[in-house]
Amino acid sequence: DNNVRMVVSNGGDGIDEDLKPRIFEPFFTTKSEGTTGGLGLGLAISRSLAEAAGGALTFQSVTGKGCEFLLTLPLIRTSIGATDALYESNPDRR
Numbered sequence: 001d002n003n004v005r006m007v008v009s010n011g012g013d014g015i016d017e018d019l020k021p022r023i024f025e026p027f028f029t030t031k032s033e034g035t036t037g038g039l040g041l042g043l044a045i046s047r048s049l050a051e052a053a054g055g056a057l058t059f060q061s062v063t064g065k066g067c068e069f070l071l072t073l074p075l076i077r078t079s080i081g082a083t084d085a086l087y088e089s090n091p092d093r094r
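The opening residue of the sequence shown carries number 1 in the UniProt record's numbering; numbering runs sequentially from there.
Think of the hints as simulated: they come from the structure by calculation, not from any bench. Take every hint as true, because none was put in to throw you off.
DSS-like cross-link-like pairs, simulated, lysine-lysine; straight-line CA separation at most 25 Å:
1) Lys31 - Lys65
2) Lys20 - Lys65
3) Lys20 - Lys31
Pairwise CB distance ranges (calculated):
4) Val7 - Leu39: 24 to 34 Å
5) Thr30 - Asp1: 33 to 43 Å
6) Asp16 - Arg77: 38 to 48 Å
7) Gly64 - Glu25: 18 to 28 Å
The beta carbon of each residue, even a glycine, is placed where N, CA and C say it ideally should be.
Kindly produce the complete structure, drawing on both the sequences and the hints.
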């Protein structure tokens with residue numbers, strides 16, 4: 001397999017069926033107006049970044065049992081020379 005996968009899950013309330021199609025929309029939030037919190041951009045930005053890198057961000061959720069997000073990114077292999085060149089051009093990355 002040429003992918004790296006990371007799973008984040010919780011045992012919370014899950015995501016209601018009627019909200020599932022919208023959770024990756026920019027500015028979508030379930031917080032009521034006047035409530036402090038985010039702008040509803042986190043999942044939209046995360047999915048966009050995953051797709052830009054050739055990967056995907058998906059989720060599964062069961063109402064009342066929590067949800068699980070899966071980030072899949074392609075594994076990119078570099079030669080040692082290419083990695084050394086990266087560090088030589090930016091020594092702060094080590």
